[in-house]
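> Offset between the sequence shown (1-based) and this note's numbering: plus 148.
To be clear, the hints were calculated from the coordinates, so they are not data collected in a lab. Nothing here was measured: the structure is a model prediction, and the numbers come from that model. Hints are not guaranteed to be accurate.
With a straight-line Cα cutoff of 30 Å, these simulated DSS-like cross-link-like pairs (lysine-lysine) come out [claimed, not checked]:
| no. | residue 1 | residue 2 |
| --- | --- | --- |
| 1 | LYS203 | LYS279 |
| 2 | LYS223 | LYS203 |
| 3 | LYS483 | LYS453 |
| 4 | LYS513 | LYS484 |
| 5 | LYS211 | LYS223 |
| 6 | LYS279 | LYS349 |
| 7 | LYS463 | LYS508 |
| 8 | LYS453 | LYS476 |
| 9 | LYS483 | LYS463 |
| 10 | LYS184 | LYS211 |
| 11 | LYS267 | LYS183 |
| 12 | LYS214 | LYS183 |
| 13 | LYS484 | LYS421 |
| 14 | LYS508 | LYS400 |
| 15 | LYS483 | LYS317 |
| 16 | LYS184 | LYS279 |
| 17 | LYS342 | LYS483 |
| 18 | LYS476 | LYS463 |
| 19 | LYS508 | LYS305 |
| 20 | LYS539 | LYS458 |
| 21 | LYS203 | LYS267 |
| 22 | LYS183 | LYS223 |
| 23 | LYS267 | LYS279 |
| 24 | LYS484 | LYS453 |
| 25 | LYS400 | LYS317 |
| 26 | LYS426 | LYS476 |
| 27 | LYS349 | LYS513 |
| 28 | LYS267 | LYS223 |
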Amino acid sequence: MLTFHYHYQAHLIAFAESLDSKSTENEVTFVVERKKNALTLISGNEASFHMLTIKLGEDCSLKTGKFSINASWLKLCLENPVQSRNGESIHFHVNYDNRRLPRLSWQPESGTWRDGNAKPANETHLELLAKIQSTGFEPLSTCWLQSIQRHTNSHPKLSLFRLNQLEEKLEIVADHTLHSYEFPYQDNPRIDLKLDANSLKTLSVLCQNTLSHNIHVYADDESAIFSDEVMTIGVVLNFLDTDIDAKPIQYKTETQFSIDVSGLCNELASHQKVDTLKLLNNTLLYVCPTVILISGASEDERCSKHFESKVLPSKQTLLYTLTSTEFKNAITQFKKLGSKEMYLQVLIAPDGSRVLGLYKHTESKFPYSTVGIELYPEGLEEMTAEIEFHKTIEPAQGDLFSSCAES
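Let the hints inform the model, and build the full structure from the sequences given.
Right, here's the structure in full:
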């Protein structure tokens, strides 16, 4: 008997999806180590390979050894929809019948069976296994890797991702343009890493499926290997010279200010509780020399809160608009850093487009993250009128708002 237990289901599905019947290596190699109670499955070739290492049960009747099985046959067995849907383990009958190599039999239901005879082990797969066993990996925190996915997800045309440990920054190239971000936490990896879009997607999928606290990573200029000690995946890297040499956008600062992180999170959460504001998904940002105002407004409802800035904004009064969910997600991620105050800059690109940069402190060279933002001058008169109105019903706030309205 050979049992693939249900708790390996996510890894088994990913492994089955990697099997390509058109590949020149249309085999899966089994490496059985009974002393370690371990079974390693190997598929693919040097350009793209998967390895899955699982624990064998006491009832397993496989003998120590190496052999290969037709990949499309195994894919048929592993992708059984009934077992996947019900979260059941997959059982194979093992029969050596006085032979050196076994026959595996799978019975999905009564009266139905699938048999696969083992062949001598694929030499390419054995060479890949030997390579992995001698590779020097660097462990990266799974949580840390997941935290940087917000940056990568915000660049759908990403073609290059780079960790620069010397300057402690993330570098993303999209549309042949370089975007730089400050490392998210204090305890950051001390390695340089360069990945293309395909390898980064592979790493993200492994992070989603793993239960491990760490992902072990190896990468050079030609290939990358990722492992959670259950699943190991190798891919070839492809970079364009234009991406490696990509230049950053030369932004100019339009205004700057700081804001209380907890208060901002609470205010944005309040806006989401009003159905009309949630549906509009639009946040107004009002910046004047003495106060910052965050507002969500529909035709009939409005929620607003003022914040004092510890950093002097520009002398000009400005009104911006940005997408509420994108802004809230960025603030929520920033809050995990534990910082009480957030430093922000509105940055203008040469083409006139703007982004709102979120910084950990005033000395940060690169933003922690950015959010799309647009100037909204046509709403400034109405916002000023709202401020004037609330001066009449909230005398205690009058001094704060009066200088804004007169700016």
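> LYS267 and LYS223 were given as a pair; does the straight-line alpha-carbon distance stay at or below 30 Å?
17 Å, holds
> Starting from LYS267, check that the Cα of LYS183 is at most 30 Å away, please.
Roughly 23 Å between the alpha carbons, so the hint for LYS267 and LYS183 holds.
> Check whether the Cα positions of LYS508 and LYS305 lie no farther apart than 30 Å.
Between LYS508 and LYS305 the Cα gap is close to 26 Å, so the pair holds against 30 Å.
> Next pair to validate is LYS279 with LYS349; report whether the Cα-Cα distance is within 30 Å.
Judged against 30 Å, a Cα distance of about 23 Å means the pair holds.
> Run the distance test for LYS508 versus LYS400: straight-line Cα separation, threshold 30 Å.
19 Å, holds
> Assess, step by step, whether the Cα of LYS342 is no farther than 30 Å from the Cα of LYS483, and give holds or violated.
28 Å, holds
> Within 30 Å, alpha carbon to alpha carbon, are LYS400 and LYS317?
Holds: LYS400 and LYS317 sit about 20 Å apart, inside 30 Å.
> Would you mind confirming whether the straight-line C-alpha gap from LYS203 to LYS279 stays at or under 30 Å?
Status holds; Cα separation ~21 Å.
> Just to be careful, I want the Cα atoms of LYS349 and LYS513 compared with a cutoff of 30 Å; is the pair within it?
28 Å, holds
> Against the 30 Å threshold, does the CA-CA distance of LYS484 and LYS453 hold or violate the hint?
This hinted pair holds, its Cα atoms lying about 22 Å apart.
> LYS214 and LYS183: Cα distance at most 30 Å?
At roughly 14 Å apart (the allowed maximum being 30 Å), LYS183 and LYS214 satisfy the hint.
> Keeping to a limit of 30 Å between CA atoms, is the pair of LYS267 and LYS279 held or broken?
22 Å, holds
Hint compliance for this structure: no hint is broken.
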